[in-house]
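Chains as they are written, first to last, in the working numbering: chain A, 1 to 147; chain B, 1001 to 1649; chain C, 2001 to 2331; chain D, 3001 to 3291; chain E, 4001 to 4134.
None of these hints come from the bench; they were simulated from the model.
Incorrect hints may appear among the rest.
What the hints assert, rightly or not - List of simulated lysine-lysine pairs, DSS-like, C-alpha gap at most 25 Å:
no., chain 1, residue 1, chain 2, residue 2
1, D, Lys3013, B, Lys1485
2, B, Lys1526, A, Lys121
3, D, Lys3182, E, Lys4114
4, E, Lys4115, D, Lys3201
5, D, Lys3013, E, Lys4084
6, B, Lys1439, B, Lys1383
7, D, Lys3013, B, Lys1467
8, B, Lys1470, D, Lys3201
9, D, Lys3201, E, Lys4114
10, E, Lys4115, B, Lys1485
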Amino acid sequence: MLIGDRKQQSYEPRIVAFLCNWCAYAGADLAGTQRLSYPPNVRVIRLMCSGRVDPGFIIEAFLEGADGVIVAGCHPGECHYEHGNRLAERRMTTLQHLLGFIGIEQARVRLAWVSAAEGRKFAQLIETTVEEVRALGPFQQFPRRAP
Amino acid sequence: MNNRVGVFICHCGKNIARTVDVEALRKEAAGLPGVEWAEDDMYLCSDPGQQLIRERIAEQNLDAVVVAACSPTLHTTTFRRAVESAGVNPFRLEIANIREQCSWVHPGTAETTHKAAALVRSGVEKARRTQPLEPIHVGLQRAVVVIGGGVAGIQAALDIAEAGYPVHLVEQGPNLGGRMAQLSETFPTLDCSSCILTPKMVEVSHHPLVTIHTLAEVTDVEGSIGNFQVRIRQQPRYVIAEGCTGCGDCVPACPQVVPGEFDRGLGARKAIYIPFPQAVPFTYTLDREHCLNQGPLIICDRCAQACEPRAIDFDQQPSEELVEAGAIVLATGCDTLPLSHFREYGHDRHPDVIDGLMFERLLSASGPTHGEIRRPSDHRVPKSIAFVQCAGSRDPERGKAYCSQICCMYTAKHALLYHHAVPDGKVYIFYIDIRAGGKGYEEFVERVRAEDGINYIRGKVAKLIPKDGKLEVWGVDTLLGEQVKVEVDLVVLATALVPSQGIQELARVARVAIDGDGFLSEAHPKLRPVESQTRGIYLAGTAQGPRDISATVAHAAGAASKVLGLFSHDELVEEPTIARVNEALCRGCSFCVSVCPYDAISLHEGTAHVNETLCRGCGACTPACFAAALGPRGFEDDQILAQIRALAC
Amino acid sequence: MSLPQVLDRHLRDLFGSGRVNSVLGAIPTRGPLGMAQLARTPEEVERFTLSPLACPNLLVHLTSKEARLDPTRFPLAVLARGCETRMLNQIFSEHGLRRDQVYVVGLAHCPGAIDPRRLSAQLPVLRGFPEATIEGEEVVIREESGELARLARTELVLERCRHCQNHEPLIDDYRFDLVEEADWIEPVSVDEDPGVEAIDAMIPIERWAYWRSQLERCIRCHACRDACPLCYCENCILERHTPCWVKRSVNLPENTAYQLLRVMHLVGRCTACGECERACPVDLPLGLMMRKMENLVREYYGHRSGLDPSGEHLLSIFDPRDTTATARLEQ
Amino acid sequence: MTSLAYYPGCSLKRFASGCEIAGLEAARRLGIELVELERWNCCGTVFSMSSGERMHHLGSLRNLVRVQEAGYPEVVTMCAMCQNTLRQVNNEVRGDGDSLAMMNRFMDEEPAYRGEVEVLHYLTLLDRLGSEAIAARVERPLTGLRVAPYYGCTLVRPPSAGIDDPEDPNIMERLLEALGAKVVRDPMRVECCGAYMGVSKPGTINVRASAIHGSARNSGAEALATMCPLCAHNLDAVGPAPDEPALVVFYFTQLVALALGAKPEQCLAATQRVDPRPLLSTKGLLEEPQP
Amino acid sequence: MKTSMGSGSTRIPLRQQVEELCEQSIGTCYQCGNCSSGCPMGPWMDALPNQLIRRLQLGLEDTTRFASPWVCASCFACGVRCPKGIDVPRVMEALRVVGLRSGEDHIGPHTIEKKRLSQLPQIALVAHMRKATG
């Protein structure tokens, strides 16, 4: 099977990223057209808006083996659907604090604003998140399959 | 679940193949559950590539397709057409972005291929759970409401009516014409403004498909693109349009003399009046605000007596009308910064400090001075005039930060026309930078600059001091580096262009965005200048920003072409990825109602209902609903959870 | 032990005038605790008691499955203390019930409700249903033979009563004072919450160790969900197959997912009444999470659920001034 | 009788004493007692604007500390320059906690300034009373006296320390109408009189004075009214070129005192070059006010 | 008069020094001349305010050689009217401070005859000394 068992190699954090179609996803594409480079640990799911991200998705990602989650949408005031990102902000903040309360390091869940013109910022977001999650070590709290 | 998924992996020449082991990826994909066929090709987006997909779908009887290639923003439509032509629902296609977000940004290591494999797995998991979706067809009202009867509104109305669609042209004032009707000649050709505007006004008033509503305002806009309900409130004219022959006998009979708005307060008019001789519709208007008869009590009916066709009716009431329209064009035009804004120029203390539009009225043959340039204070012909450019424009501190674009040109025109009328007159034009970018504009300004008696002085005016019947202008010549003090008979301020009165209220009613300066916000400054950010509402003319008449006409024609593009379909085809409610699970808690940015969800007998034309498929309602009773087709919970499982391991 | 005369006659009039079909209140049991009872006839009214010992979970009987399957009980009168009227407001704002379906008998000047577990822990020898009254900061337990015990109020009352801000009913159709106006003293409301503060003080690894030991004990009996007056979804997603958010198996990952999703569905709605913790057969400290989240939404968004019957849901709206994680991160 | 702290400033004690005497008398007649601070020092005019020159603001700060010590919430000053400097220093320290802390530390023997004192100009004080209240107390209306108020710069600029609109002030016009005078609104009323340039370049003042007098005369005024000792010096003591006619230059407080019925000697100190008495007598404003 | 653009003097460039002193951004000025047209002391200036700002924009070190800042009565007319919101009087003050800090005073009590000293009010003397002496 191609999927190497991550634990034998040095620990490479697995990050799932929910990107909003109009801004963050376009920013990620721009990072590609600019041929920037960033660590391959991030796997992207495209949604129409960051307001679509259900707190349950974050919990599901951790259950299924993710070590960190990124939710990236448009900057406040620039949401394609007016205020989807503002709703995401409240949902993610409350979830971060609940997870923090039961012992999940808040740095594992990261909410960020990346516009369609910020390819470089997207690449930096991935780099810093991967480094921070690597420092925290693998997600051991409640993965379905042992890490 | 679709279990006959076809995975097609693109090399994209070397772009993907350089860092992703396409062959290993193909083998990996072939082994995934639900995948019937996996193949790679050099260029999937090419015709042979499309043909390959069509053939495989037929051969292998595939029911869903995953294309692992470049970003979906590039070729989604092309691949959807290819899939559809092979008999598979276009929404059973999923694109895995293994170029911009994988091969281009990662080195050629095994980990990059693992990531590509994960992205393909995620695409397959979603493709397996896609439902066949049909685009939503929504009925389309092929009629338009154009708000604003200036040259922009008239141009848009004519273009749309010419294409055979009914137009409701709504004008706030008593007659059409807007700002352009107030002008004398126009730059750079010095055509007389009413000579080129009047034919258009007549044409639009006689056009069978155009209904003109004057003294009318839009008070409410409901619905969305294709199906707007526009409420038009008609103020009473107190003159029966059909009866009035335009003979004007009523005017001498009327005792009330009032400063004329059309002449910017320079000329007077009676309570019953018509703004200018070429007005369309050519019907007189009784201004009850200044008429002796206040409210129902009629104490003076001299105009009625003088009116031979008995066309005056003091009891007319305001009326309202609800119009169905598929699109709305906002052509509300502009105004100039009020003179009271310029305290350092002391306008409110001195009548001989006027603005460009008032000078136009002085130049206009139908103006208060019948085309003779006479100054408002003592009606003498001014022997010297100072023109002050950038009055309030390019002044972020106390006025408007932007450049109003047209003042350099109309000031040069004013100077030239004054020079023709008063050959020995002295002209001082105080400017910062002359901006004459249009066709034939620079040549026009150079011609004016060459006239003797016209002095262009580079420096902004600080103050105007009234001094024994004249005005002392405190200027500076920054090229010489010396202060300049000049005594003139008349000062004309080229005041900044600002949005017209009431635009804030109209923008709120029509739910369109306005920018910091109050102009209507366009969808995209470069690529979509004639569309507002609200679908189905288009912008025409200076309502969107300062521009001259030729740019306004082009802008209005652009808006009209957008409307015609919309009306060319017999119905609206909407993306099917909009929200759908599972009535059985809905608790009627209305959490989704308040979350929707487009008010597309409403409660009917305790269950949520989605208005399919308003919903844009953003999905913000789905996490708000705990019962998970609604969600956008194409981004359902089960699809995303499957993607998470495919990606996270 | 029955109701005071005035209240008794009022409830009977409600039946007589046909204003209500049933009355929901608490009746004494054989042990030192009360039980929720739905009186369908005027006669059953006299079994009700206002004793601070008898404060069971009433409101769940307004939104439970039985309530939905038995619409004849509405319109229903409920004897509701301050905290219960706050929960009613939240239910009305979510259209769980219509205001006209509930006749609210507001029990004003509420001195607090005694936690039966804390009482039996302090007085193991207690038998039967003693007469208990709360006078100021003291609870007095009396039996026929006279005064049995006089204990500190803050030691005995329910957790929610220790932090109570609503001694008076927020809404009522009829008001009855539990304590005479003359000798009513506003009970002391305690701000600190040792349980939550202890966990806040821990570092993430310690916190997880604590919660791991708790969540491992969860048997997924759904008692917490079924005891919550706000969990009344037709088909709760925690039990749904397609899509499957939480798997059936009872182990740490699925239990954690279950509790996290349940709490996330209550953020901004829960009034920290503590009924979930009371109902838990394995005594999981669920109240800690509820109170932590209630404090968070108040501190971050100035939101207190149940104060405005027509209020918007916290997570359905936003405020440009939200001070949130992103704002701090972006600095 | 409300009492307010009063900061006279250097010039009002000697050169512009006419302004102070008349101002105090007028205030008394309006029921306001201006209590001069026991200790005050130079206001450190002209406010030094460049950053890092905090030490030049100490003069004003000490005065504000004196007012704070005396327990008054407000301090009234008649001189336009004092008002401008005090207010600019007040605005600056209120807006910047660090510089206030630093200056407080520097003035270690002085109590720390808390930033609660309001600086009030005499004209704002009168304006606050309101035209009706003042008109009611007028005993000798200045009917027929055509006066052009002259603001200069420091009364209205910079806007953060001005008492009225920098381009179109109206406060003196309102008050003069209340006193019954004929108000002349001269456009040069906010143009600079040359200020302290007279010290190193005397010629400039005559040019500025003749422009201001000329414009006022052109607008039909017989007299100028100002509240700045330096403007009064430049417009009256220096005045336009010797051969040019010069208008009478009053301190505004002198007109107020005169209208409220004070004896002329009390409000017309001898320092005015152009003697106002001939003008006043033609207007019958030197006689005792009729009851 | 040969002007050298930003000659390599060791001192920090004049423009940067002035910008720090007056906390204004010299670059935003688009040379409209509004400050110069309304300046009451313009006739006595060897370079109008906008010209001084232009020289600072170009980084000409000899801008301090001009006498205009010493004729400026800091009357704030220019500051109020600048469309770009530059506090021009503070720029002039900064030029004066640069001059003063290089040791040259522009007025000395000894230079004024005794007779005039008695005529001048304290307010004129204090204001001018404050502005023109380091």
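Hint check:
Taken as a hint, the Lys3013 (chain D) and Lys1485 (chain B) pair is broken in the structure, with Cα atoms around 40 Å apart against an allowance of 25 Å. Under the criterion of a C-alpha separation no larger than 25 Å, the hint pairing Lys1526 (chain B) with Lys121 (chain A) is consistent with the structure, at around 24 Å. Taken as a hint, the Lys3182 (chain D) and Lys4114 (chain E) pair is broken in the structure, with Cα atoms around 42 Å apart against an allowance of 25 Å. For the proposed pair Lys4115 (chain E) and Lys3201 (chain D), the alpha carbon gap of about 16 Å is at most 25 Å, so the pair holds.
In summary, the hint linking Lys3013 (chain D) to Lys4084 (chain E) is not supported, as the alpha carbons are separated by about 41 Å, beyond the 25 Å threshold. Taking the CA atoms of Lys1439 (chain B) and Lys1383 (chain B), the gap is near 32 Å; set against the 25 Å cutoff, the hint is violated. Our distance criterion of 25 Å between C-alpha atoms is broken by Lys3013 (chain D) and Lys1467 (chain B), whose separation comes to about 38 Å. For the hint linking Lys1470 (chain B) to Lys3201 (chain D), the alpha-carbon distance of about 32 Å lies beyond 25 Å, and the restraint is violated.
Restraint check: the Cα-Cα separation between Lys3201 (chain D) and Lys4114 (chain E) comes to about 16 Å, which is no more than 25 Å; the hinted pair holds. Restraint check for Lys4115 (chain E) and Lys1485 (chain B): not satisfied, since their Cα atoms lie roughly 37 Å apart, outside the 25 Å limit.
Hints 1, 3, 5, 6, 7, 8, 10 from the list above are not met by this structure, while the remaining hints are.
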